[in-house]
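Student: Residue numbers (the UniProt record's numbering): 1 to 191.
Hint data in this document are derived by calculation from the structure and do not stem from the laboratory. Nothing here was measured: the structure is a model prediction, and the numbers come from that model. Hints may be right or wrong, so weigh each one.
As the list claims (entries may be wrong) - Taking lysine-lysine and the PhoX-like style, the derived pairs with C-alpha atoms no more than 20 Å apart in a straight line are:
no., residue 1, residue 2
1, Lys85, Lys131
2, Lys67, Lys163
3, Lys164, Lys138
4, Lys10, Lys131
5, Lys108, Lys131
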Amino acid sequence: MIEIPSDLHKDLVPLAFLLGHWAGAGVHDFPGSEKCNFGQEVAFTHDGRDFLEYRSHTWVLDSDGNKVRPLESEHGFWRIDSDRKVEVTMTRDDGVIEIWYGELADKKPQIDLVTDAVARTAGSRPYSGGKRLYGYVKSDLMWVGEKQTPEVSLRPYMSAHLKKAVTPEEVERWAKALPDDMPDDGIAFFK
Numbered sequence: 001m002i003e004i005p006s007d008l009h010k011d012l013v014p015l016a017f018l019l020g021h022w023a024g025a026g027v028h029d030f031p032g033s034e035k036c037n038f039g040q041e042v043a044f045t046h047d048g049r050d051f052l053e054y055r056s057h058t059w060v061l062d063s064d065g066n067k068v069r070p071l072e073s074e075h076g077f078w079r080i081d082s083d084r085k086v087e088v089t090m091t092r093d094d095g096v097i098e099i100w101y102g103e104l105a106d107k108k109p110q111i112d113l114v115t116d117a118v119a120r121t122a123g124s125r126p127y128s129g130g131k132r133l134y135g136y137v138k139s140d141l142m143w144v145g146e147k148q149t150p151e152v153s154l155r156p157y158m159s160a161h162l163k164k165a166v167t168p169e170e171v172e173r174w175a176k177a178l179p180d181d182m183p184d185d186g187i188a189f190f191k
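Turn these sequences into a full structure, and let the hints guide you.
Tutor: Structural data, given as structure tokens:
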């Protein structure tokens, strides 16, 4: 179920499906990099202004699903205009800054993005652009990313399937909203 917070900026209502904390796993595969499974945590938050704040952290998983080491981190800001055009500014931990433009699909929670501008620090790896597709499917957030470098044509390199996660703040808010007369044994609650 998609909730629309009462303090969400009115322009962001079409992006409300992104809001929240998400966690899951995916696959990373790009020439010149280690092919691996990865874990991911993503947060889309807002503070009442006309943008969503985005944070993503990924890490390499071993064959048992345990964290091995960090993979990538991103931080950005998402906006949408009245014509459903989406713009994203994003900074990556490897020294890349990107501007993405795209569009929210008609009548479904899906966003296609393409890089418009890429800036790199001297120490970053070669990168010249990418595409991303985000979709809200059966209450889950799924995405696939494509990238290109001067040596490698545009191709998929990461994809993930994320589930809505509960934050400690949400648990605290829910706990405070419980009635005072809750049964002690938990079983009576369901009778």
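Student: Look at each hint and say if it fits the structure.
Tutor: Going through the hints against the structure:
{"no.": "1", "hint": "Lys85 / Lys131", "result": "15 Å, holds"}
{"no.": "2", "hint": "Lys67 / Lys163", "result": "18 Å, holds"}
{"no.": "3", "hint": "Lys164 / Lys138", "result": "11 Å, holds"}
{"no.": "4", "hint": "Lys10 / Lys131", "result": "27 Å, violated"}
{"no.": "5", "hint": "Lys108 / Lys131", "result": "19 Å, holds"}
Violated hint for the displayed structure: number 4, the only one.
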